[in-house]
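Mind docking chain W on chain B? Use the hints.
Residues per chain are reported as follows:
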Amino acid sequence: MDLSYNAEYDQYRAEVVAFLVKNWNLALARDETYVASFRKNATQAGYLYRNFPKQYGGAGVAPDVLQAQIIREEFAKVRAPKELGGNGTMMLAPTLVEYGTDQQKEKFIAKTLSGEYRWAQGYSEPGAGSDLASLKTKAELVGDEWVINGQKIWTTDAQSSNYMFALVRTETDVASKHAGISYLLIDMKQPGVTVRPLKPMYGGHAFCEVFLEDVRTPADWIVGERGEGWAVSKSTLKHERNSVGAATGALDTFNKLVKVAKTEILDGKPAIESPLIREQLGVLEGYVRAHLYSGYYQLTKDAQGKSAGIISMMNKINSSNIGHKVAEIATAVLEDKSLISPVFSPDHKPGNERWVNQILGSLAATIGGGTSNIQLNIIAERGLELPREESKN
Amino acid sequence: MYFDLTEEQYMLKDSIESMLASKNEDAQQVKKYDDKPGLDRDIWLALVAVGLPMVLPTEEQGGLGMGLLTLAVAAEVQGYYAAATPMQDHCLVVKALADHNAADGRLPGLLAGEQVAVLAWSEGQGNWLPSQWGLVEHDGRLNGVKRDVIFAADADFFLVGLQGQRLAMVAKDASGLVIEAVESVDRTQPISTLTFQNTPCEILTLAASQVGAIFDAALILQAAESFGLGRHSVQISVVYAKTREQFGRLIGEFQALKHQLANMALEVEPCQALYWYAAHAWDAIPEEAPRAAVIANAHITEIAVKTARAAVEVHGGIAITWEFVLHIWLKRAMHNKVRFGLPAAQRARSALLEDW
Numbered sequence: 214m215d216l217s218y219n220a221e222y223d224q225y226r227a228e229v230v231a232f233l234v235k236n237w238n239l240a241l242a243r244d245e246t247y248v249a250s251f252r253k254n255a256t257q258a259g260y261l262y263r264n265f266p267k268q269y270g271g272a273g274v275a276p277d278v279l280q281a282q283i284i285r286e287e288f289a290k291v292r293a294p295k296e297l298g299g300n301g302t303m304m305l306a307p308t309l310v311e312y313g314t315d316q317q318k319e320k321f322i323a324k325t326l327s328g329e330y331r332w333a334q335g336y337s338e339p340g341a342g343s344d345l346a347s348l349k350t351k352a353e354l355v356g357d358e359w360v361i362n363g364q365k366i367w368t369t370d371a372q373s374s375n376y377m378f379a380l381v382r383t384e385t386d387v388a389s390k391h392a393g394i395s396y397l398l399i400d401m402k403q404p405g406v407t408v409r410p411l412k413p414m415y416g417g418h419a420f421c422e423v424f425l426e427d428v429r430t431p432a433d434w435i436v437g438e439r440g441e442g443w444a445v446s447k448s449t450l451k452h453e454r455n456s457v458g459a460a461t462g463a464l465d466t467f468n469k470l471v472k473v474a475k476t477e478i479l480d481g482k483p484a485i486e487s488p489l490i491r492e493q494l495g496v497l498e499g500y501v502r503a504h505l506y507s508g509y510y511q512l513t514k515d516a517q518g519k520s521a522g523i524i525s526m527m528n529k530i531n532s533s534n535i536g537h538k539v540a541e542i543a544t545a546v547l548e549d550k551s552l553i554s555p556v557f558s559p560d561h562k563p564g565n566e567r568w569v570n571q572i573l574g575s576l577a578a579t580i581g582g583g584t585s586n587i588q589l590n591i592i593a594e595r596g597l598e599l600p601r602e603e604s605k606n
Numbered sequence: 005m006y007f008d009l010t011e012e013q014y015m016l017k018d019s020i021e022s023m024l025a026s027k028n029e030d031a032q033q034v035k036k037y038d039d040k041p042g043l044d045r046d047i048w049l050a051l052v053a054v055g056l057p058m059v060l061p062t063e064e065q066g067g068l069g070m071g072l073l074t075l076a077v078a079a080e081v082q083g084y085y086a087a088a089t090p091m092q093d094h095c096l097v098v099k100a101l102a103d104h105n106a107a108d109g110r111l112p113g114l115l116a117g118e119q120v121a122v123l124a125w126s127e128g129q130g131n132w133l134p135s136q137w138g139l140v141e142h143d144g145r146l147n148g149v150k151r152d153v154i155f156a157a158d159a160d161f162f163l164v165g166l167q168g169q170r171l172a173m174v175a176k177d178a179s180g181l182v183i184e185a186v187e188s189v190d191r192t193q194p195i196s197t198l199t200f201q202n203t204p205c206e207i208l209t210l211a212a213s214q215v216g217a218i219f220d221a222a223l224i225l226q227a228a229e230s231f232g233l234g235r236h237s238v239q240i241s242v243v244y245a246k247t248r249e250q251f252g253r254l255i256g257e258f259q260a261l262k263h264q265l266a267n268m269a270l271e272v273e274p275c276q277a278l279y280w281y282a283a284h285a286w287d288a289i290p291e292e293a294p295r296a297a298v299i300a301n302a303h304i305t306e307i308a309v310k311t312a313r314a315a316v317e318v319h320g321g322i323a324i325t326w327e328f329v330l331h332i333w334l335k336r337a338m339h340n341k342v343r344f345g346l347p348a349a350q351r352a353r354s355a356l357l358e359d360w
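One line per chain: the protein sequences are B and W, in this order. Just so you know, we're using my numbering here: the first sequence kicks off at 214 and counts up by one. Just so you know, we're using my numbering here: the second sequence kicks off at 5 and counts up by one.
Chain B with its partners taken away, still in its complex shape:
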């Protein structure tokens, strides 16, 4: 057991810090041009888009999870921007590196990493949620174009996306529902694509429905072969899995909750002086720390290229379970402030009622990206090796 980094990594950390001192000015964090040029410099220095090839706008550095962790820690300390978030950089670009043709890589990766191309993920459908492979959106090859018809849902950022990567049914008469699926790239800015925003219960903008009617895409905008879409979507590109990131986030949220409990008054005293609130926070801290230190263990295993086993299947559900408990305590601490709908505007910053969004949003976290019930299936079937459920379709 050794929580320090060795001399080589200490040296690396010093380099990262020196780079940030020289290149990052927090006062300019809202200046988009400045941020874009910072990202470019940080990529050239090997700190962002680390494992993407240089020719496609990445840093071309070999994976090293400890270096990646150091970068995350130091960038977070000075609130320097990391890679752009979103489906394009996190899902599409790594998939293209692994499965794309040279033309596809050439055309899409660099502009995706720079943020010029934004991507929508076309996976879920109204009838295909947890059972994604039962999706019905169809694509037919007509001449040198795919003609696509169907509907996608829960499509994040669909309004602002230039392109969609989608799972569509191209094959019939195949052995399984999975074998009929292909992975297509689609231009969103064309006739036949209708985007309808869905407003989440906690307000703001989150996701959309996308209707596809005789939408066209070139025959060679398929990633992988016909019928290989399921495997392509599960791209296991070697990358620096962020096994402590979510857990560190849980600790941050917990610490903020403690702060709120110190400032909100219940029965004439700070809420944190209530024995009930203290006990609830104490219980939660046990879960938060168990999750965090389990992340340290996974980081260690990742660095050795080894599997951490069943614990690595628990990250998502641990995070969302912690989110539920945060919501419960926050509601008790906020008392009647939890009845106020927070207003965010240039001339109004909400008070602690901003936690209402956390309370409601914690529910979305248990559903998106694989529901908690599906997570439990994964732990039971892959982790505990219990018999698999037969599919009826």
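One should not assume that every hint holds.
Said to hold, decoys possible - What follows is a set of in silico ranges between Cβ atoms, one per label pair, in the way DEER data are often shown:
{"no.": "1", "chain 1": "W", "residue 1": "Ser26", "chain 2": "B", "residue 2": "Gly462", "range": "42 to 50 Å"}
{"no.": "2", "chain 1": "W", "residue 1": "Ala185", "chain 2": "B", "residue 2": "Lys605", "range": "57 to 65 Å"}
{"no.": "3", "chain 1": "B", "residue 1": "Lys267", "chain 2": "W", "residue 2": "Glu21", "range": "23 to 31 Å"}
To be verified - According to the in silico footprint, chain B covers these stretches of chain W (three or more CB under 8 Å from chain B):
{"no.": "4", "region": "6–16"}
{"no.": "5", "region": "140–150"}
{"no.": "6", "region": "269–282"}
Note that these hints are calculated values from the structure, not bench results. Just so you know, even glycine gets a beta-carbon here, dropped at the ideal spot from N, CA and C.
Below, chain W alone, put in the same frame as chain B:
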């Protein structure tokens, strides 16, 4: 950055595991359990042979100085097999005595496991913490009561907690000491009440911080042991779900049961890193140790009980019977949850330590 056990620690774990797997497999448990409860000498000697009492004392003190994490890993395995010995207590008494005087004449016999020593801390009614110990020493003599002392009938020495966060050694044959066995729920760690009537004792010359560290270590070792108990509950339930059939299928095929088992694993598995961290803090980050110890102890002893109860539910009727092994783990988990203070008391202390 290496948050994992060393090769050496994994080897120690494996060797204790294979020893206990042969000496204490589930089938043998009920019979042992029905016999007169007390020290399992066979297992005791095997644990001594591995060198556990030597682990905590430093090399200058004549020990191995391998740290609390190593001992905690051993405690985990003893919990997994519900081994009936007071090895964790014994190792802490050895450490306290070595801190007091490395040349103490009692140490060789204790290090060799020829004598047995246990902790006498509880005064009941929620008084487990060093700051709550009320027993008073007067002119080297004790008058009063200590409760819930494990393996008292087998012990040669007691490390007694006194008012003012002090520790004293009392020998089993000291005058005025009466040991009264209690009919214990957990027969793998039977308890007794000690009554002192003008009983001679020897105060150890330890600073309050050293006494505090012994207490923290006790919490951590017990958290580790409770993780072992919890993991056993999950394992035995998973095995059962893969063999028991109802409605013409393995019960492990039913999603209700799968989710029950997954939730048990989800509670228990992250506890490993929690106790590792606490033990590591005790070894290397002492300023974090008191809080890490209470958090780990509260969290894991609570989950061990929850998981043992869930395991009984998974098994159904058979697990309600005396002749099936599960109640042995459930009762030990219940004992561990109370011993050294209930989780709520631990959490109240953790809140104070953080200045909430």
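Against the structure, the hints:
no., hint, in the structure
1, W:Ser26 to B:Gly462: 42 to 50 Å, "45 Å, holds"
2, W:Ala185 to B:Lys605: 57 to 65 Å, "60 Å, holds"
3, B:Lys267 to W:Glu21: 23 to 31 Å, "49 Å, violated"
4, 6–16, "holds (count 5)"
5, 140–150, "violated (count 0)"
6, 269–282, "holds (count 10)"
Checked against the numbered hints listed earlier, the structure breaks hints 3, 5; every other hint is satisfied.
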